[in-house]
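Residue numbers (our numbering), protein chains in the order written: chain A, 982 to 1104; chain B, 220 to 1269; chain C, 3 to 237; chain D, 1150 to 1323; chain E, 31 to 332.
Don't take each hint at face value.
[Unchecked claim] Once the Cα atoms are required to be at most 35 angstroms apart in a straight line, the calculated DSBU-like pairs of lysine-lysine come out as:
1) B:Lys804 with B:Lys1181
2) A:Lys1003 with B:Lys369
3) B:Lys320 with B:Lys708
4) B:Lys1196 with E:Lys307
5) C:Lys224 with B:Lys569
6) C:Lys196 with B:Lys1196
7) C:Lys228 with B:Lys1181
8) B:Lys569 with B:Lys660
Hints were generated in silico from the structure; no laboratory data involved.
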Amino acid sequence: MIILITGLLLIIIGFWAMLTRKNLIRIIIGFAVMDTGINIVLVAIGYVKGKTAPIIDKAVTMAQGAEAGIQAVDKVVDPVPSALVLTAIVIGLAVTALMLAYAIRMYKTGNSLDIDDFEEQKW
Amino acid sequence: MVNPLYLIAVFLIGAFLVPFVDRADRRLSLGVMYFSLLYTASLSLMRLWQLFFTNGNETQVFTAGFQPPLSIALSFGFKEALLTFLVNLTGFLSGVYLAKKLGKSGVQSISILLLLMLGANGLILTRDIFNGFVFLEILSIATYALIGLKSKKNALAAGFKYMMAGGLASALLLIGIAFAYRYSGTLNLDTWGRLLIPMTLGYKIALFMIIMAFVIELKPFPANGWALDVYQSAHSGVSSLIASVHTGAVLYFFYKLLPLMPYEFLPLLAGTGLVSFLLSNLTALRQKNAARLLGYSSTAQTGLLMFVLTGLYRYNVHPSLVLFIAGGLFFTNFIAKSGLFWLAGIIKEKTTEKWSILRKQPLLLVLFGVFILALTGLPPFPAFFAKWEIIQILAQQGGWVALTAILLGSLLEAAYLLRWFGLAVRQNSDEPETASLPYLKLIPPLIGTILLFALSLFMGSQLYVLSEFMYFPLLALLVFSILDCCPLKLKGLLLVAAIGLWGWFSVWPRLMGIGQLFGLVLIGGALVQVFGFLHHKGREAGLIPLLAMLIFSLGNLLTASTKLDFFLTWEFMTLSSYLLIMRGKSSHKAALSYILFSLGGAYLILTGLSLMPPFSPGMAFYLQSGFHSIGLVSTILLGIGFLIKTGALGVHVWLPDAYAEAENEFTSVLSSVLSKAGVFGLLLVLVMAKDVLAANNLLLDALSWLGVFTAFFGALMAVFQEDVKKLLAYSSMSQLGYIILGFALMSHLGWVSGLYLTFTHLFFKALIFMAIAGVILRTGTRNMYEMGGLIKKMPISYISVLMGIIAVSGVPPLSGFGSKWFIYTSLIEQGHYFQAGLAFFASAIAFLYLYRLIHTVFLGQPKPSQQNVKEAPFWLIIPQAIFIMVIMGISLFPNYITKPISSAVSIFIEKPDWLSWTGYNITLNSPVLHGNWNGNLVMLVTMGVFGFPLLWLLLINARTQKVKQFNIVFAAERPYKPWTTHFAHNMFAHYNKALGWLITPRITAFWNGVTEWSHSLAAAFSHIYTGNGQTYLLHIFMYILVIFIVGGIR
Amino acid sequence: MSYMDKTTGIPEQGITPPIPDTGEMPDREWRKDDKTLTNAELTLEEQDWFCDARPTPAKPAWGPVEKFYNWARANSLWILAFGTGCGAIELRPLVTARYDISRLGMQPRPTPRQASVFMIGGYVSIKTLKRIVRSYEQMQGPKFVVAVCSCAINGGMYWDSYNTVKRIDQYIPVDVYVTGCMPRPEAVMAGFSKLKELILAGKAEGQNLYAEKFDWYKANQKQVIKDWNMPDYNW
Amino acid sequence: MKELYDTISLQFTLKDFHQQKPNLAFATAEKQQLIALLTYMRDVHRYTHLVFVTAVDWLEENRFQITYMLHNYDIKADFGIRVMLDRDKPVMESIHHLWEQGRVYQRELHEMFGIDFPGSPGVNEPMILEGWQGPPVMRRDFDTAKYSLETYDHRPRDTREPESHMKEKLYPED
Amino acid sequence: MSLVTKLIWTFISLGIVTIWGLTLTGIVAKIFARVQGRLGPPVWQPFIDIIKNNAKRTAVSHGIMFYLGPVFRIAGGIGTYMFIPAIYGSLYFSNFSVSGDVFLVMYFIFFGQLGMALGAGEGGHPYSAIGVARGLAQMTAFEVPFALSVISLAVQYHTLNITEIVAAQQGGILSWTLFTNPLAVIAAMIAMLGMNMYNPFSVVIAPQETPIGPPTEYSASFLGMLATNRGIFNAAKMVLFMNLYFGGATNLVEMIVKTFCIYFFSVFIGVAFPRFKTEDAIRFFLKVPTLVGILAIAVFLI
């Protein structure tokens, strides 16, 4: 539960940063923070107290038959959120990297890192 | 069965392969890209083939060998196949379009393009929500990267804004998926859909977050500032990809998610869609930047699609119909929008104002026109059928709010799109010639056009309208477009022959009664006037095809047998006449107001038609056999719709400008023939609404007053015109007022008068307009006071106008008096005394403008600048000669016209006993009114009393000296300048002093106010787009919050 | 050209005196052929706007018919009054109750086209002469001229004026002169009575005289009217 | 008016002051100063109305006199400014830019006296005498009777002494 | 009655009405003169004028339409008369009134005016066009009360046929429209003032400003024809008014007396009033007379 709240807090902090900071880099940092928060939330959702990791080892014997399979599933936490998190981290990383690349190029073309300097197109 | 995995695999492999082969040769990597795109497109096509012909019904493919909950499922059914085909084809075309750019900007961009296609394909194919997320992210990242290709500051800023928005959306999506997963335990959409999960608040919120993430990706108004910036600043090829491929894929996934959503979300989503549609279109009104304009249009269309997908569930519509509608809208938008973006890239002009360089490029112009008209929802393009079906559903099931919003939005969209079209077509610009066309870049829009037409035929065939009503006008357009390189006279004569044969052998036998009369007016009248067009020296590209389309549509209007046929034909007519008006020299503004009023009218007609019983035995049928009742609302809507076409008072604003600015000969057709289509429609309504009207006397009274006021104000406004065509335009309006007045009586005599006037108005108005066309052609001006004394130069034209004005004014002995006699007697007979009085006033005012017309143009002082004016060309004389003969004929023998009209009318309203013909004497012996008129005798007496004085004068006046223009008594002075001696300008100043206050343009001011007001509103709305990425982020956040609160999700 | 050069009393382009009426017709450049005039004083463009026909004498009808016509003409004198000088005031009393010419079938007419008597009411300056010629030519024949006041007869008190013509009959044919400075309305009416007598006697053929001696009249007119600026015959 | 004259004299060379009535006075100005003087009178002393411009031919002194009559609406006073020109070379500056109606008077003076006003619009057009080709008619050295006799054909007149003629005619027996 | 007889009687009828119309003009001129304290021209003066005009030896023509203008005008006048039954019950004086009803007559009046306007227009004289513009403008205005009055008659008598309208008024002076429908008669009589173009509605032919308006350029026999038409047309109009409002006539004497009285009305007004400007005339006709006309209809609706 604490983890969940932490995650949500991070999301809010990140979003806040994205909304209020003017510097592009800070916005990107805000985004990264938000991304981390989301990942934490995901993990928190997937985690069930007292269960083991969804890895086939001794704790989860590879059983034959349907009944045993269900038993085995019962013992581990849901692996799907974890898998999601892995993917999400990758994607978040890619987006963050791309954003940074953008920031560099924007600095080159606009000579500024202030997002307020990039509002020529409107209406 | 084609494995959909191939689609993904091909792109993946391609994307990875490209950097390697690029080392060898850039062309090789481009080749890989084209191969991947073409190959996937052909795979989709094969799949389509399979589904159609081998009836393979298995569509799901599971990866990793597990059943759904454990594995990711891909679905490759009909929808997916069609969509991927289109997406990949568009991708390929974009590749072709971007070839130069891609070649320059390096291998990474090729890779990214392939990745983008991968994401799009995956998003379409996958049935797993998380997989969807992944593909969405791939798609988005690829898009970001592509936007970054253009290293302009604006593009980069837009990309960054987009990334911020996309980041927020994906965060939402991810959280939503995670929470939803807690409730469902599965990520597979099919499994999920089958689960019956209790709708707890948490679950709902999770679902809300998921769907809102996609809604945000679909760029709803007003949370779409970032998207507009992207559209505006990105490379047009990329914009086109975003508008078509990206939006298409996301939309499809959105559609796939819908079954999961609780029902209470659907109206919410539908509402957001509608709001987005309406307000985006409104905001676009003020937009001058072409790319941004397209962006607005794109978001609007997406909004409409959202509404269609989510809103129509309420109305118990069969899902396949929903798909049909959505498909129609989607494909039109898909192709047309990408096509327009491509064109925007070719034109390279940012503001819509500068698009007039298109005029020099006929091919581009045609493509542009096709895309614009397709987006506007005009037939034969798929959006037309979609809109037809939507309105059918909404109108029949009472979705009035949605219906109003959709029609209003469509009208706004038409307004800015067609204004743009007008700017491109206008002739009075002097743009320099553009450089040679990039032919490679032309291929994509060309293929898009072909695809659009193919889809149109497909959609049409689905609605069973692939009858002559659809293909005759189109075929005519096509055939004569191919023949367009022939000399004008040959084309024209071919057209006359084609229509003559078609009319005689195909249309005429199917008509009877009033239908036949209108057949004569619409087809015959138009046919005679075709000759008038043939005097031009050049080829007049585009004239004959459009004219052919128009006349075929007019013929079809009479024989249309279903509601859809009727409306389709009506829209064809509107479209072709709009394009014909556009041919005028500076007509783009006039044409815009014409098409907007016409579309407004058409939408009313559409709604009215939708309210009619669904299984009606055919429209024109009513004019032949029995009555068929329609409801009150339908009556009013249809009535107003047709009245707009006739140019009744209040909605006449388009009329003078359109008449004045169209080509001179076409004005004649507009006035004499096309306005009769509105009359035909009105008559149709009156026939069908007999029961309603019997119950509501007020309606008919209102109509008759409307008619007489139209007649009165039309005449009064005509008096003060300096422009000869405007004068005649208002005169036409006035005459149509009489026709409306006649029909509004709903009596035998009233209808006879209306039809009689319909006929005679055709003859004399076409006569005058044709003669004036010759005059304008020869003098090169439309201002009457710049002409004068042309009787000596153009005697035949003078005779035409003389006959015309005698007939218009209703002076005996010519046929015009018949219409006056009929109208007054029928009015008095029906007890409409005051209308009769006002109508009499109007007809007296007609003398003022008619005298002004003939005096200022033909009499008075000839101008030195027109010293060498010749008689009008032979081809213009032909229709005049025909009409003069007809007028003389029916003046001498009025029975040939009055009797058929009476017998045709008597099918609907029985001929009363007291109306009788003895020889040429029409006798009226009604208990309330006696009267008679013997046109033949009047003519003979007049000829007699005219002949004797003439002989006397010839006898006694042996020594008459013929003198010249300045041999006038000028108070012992001599005149010096013909143009100051000619009393012409502001001829009725005293009348203006006395009655001018009546015609202060209040109605025009009202419509101008509407325009002004909507533009101000648009400006106000557009100011929410501040250009700041953070503000946009806030918009999105607030938007979601507001929807959440408004939706009241509990 | 400035007047500075012509400060002496001698006109640079001297105006030659009128040609004596010898019956010999001057051959002038305005005469293109027997039927047409050149209208040479007009620009080419203006020549298109004016009729260039020459007036021709009109034969009277067969005797008794002409007598009947003359009776009608004499009893329906429609007056075009040209108020050039103080004599203009004399027409007004004529239509009042005291003198009432309408009882004789006379009435003032506002347009030369419809009038048959041209009443010149006083001295004729050159500028006025131009208008008189124009109006006279625009009248439809038979037309009669009554010149009132001594100024119209011999210049009167303007005998030494540099721009008043002294004899109108050298420029248009005059049927009746009424003397006096100014003549009383009774005198004017007496003049009209005389005119009636002339008409009834068939002697008032001023129109034909003008047509026959057209060249002579025209030459005289053109000698004094220097800015001609109108067609040679104002139809 | 004398005060006014004195005031103006401070700036302009004036002479020959002549007060004809309490509210009507004349003075002679220098030709070169005239435009400045008129402008000054109009703008400073509110003589805003140009009543007329006329000329007098002083044949014996061989000069023309042009009089500009100005009127002040406020005090209802007129002030005439005279200018003397050389009769052999009568050229004067135009005042049409001060008073629009000035050009009409100038046109008239040009026609009647032959005084030239370069720059005045339409000054060469005939005003009253259409097509006049003789000398300026109001010049005193133009003999109109001689001109008339030379130019027009006078009706031969029977010149008799009225008294004796009437006596002879009415009472021949006396 | 054979066609030939019919034609002969038509000519006789036309001849009578022409003579009467011209005499009427002469009488009116005489009356004007007497009112002004003059002797005035003899009543046969119009005939002398017409003879004189036809006896003119020269004429000018500005073109074919100019030439045809007077022909149109007189055809309009004669035609108008042709379509009115002159004497009630007389087969010989019914002319060609079977051709149509009162609307035909009302519209045929325009025939001559239109033709004349065109002819005058070709004259090229601005005053002609000004006169026509004024005349047409005034015409639109006075036609309104007249039309309303005729509609009122149609409501009253249930017929537009002139003969039937006259028939309905037979049987004593009190059955004339004048007494059965006074409002309509008032409206129509005021409209007639405009039609006859005497003061206060004579701005069309304003002899001072626009020398006699449309026919400025007409001379000689053209003018003679116009003058002839003035007689015929006035008489025809008076016959129409007599038929519509004053019980028609059963013999020639009655016709002459009645038409004289009707015409005298407009003369009576004409000698006593100054002239309206065109726009004032329009405003005048569209106010009180129109209101009276509306009332004339409204009384039948209540």
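Among all the numbered hints in the text so far, which are the ones the structure does not match? 1, 3, 5, 6
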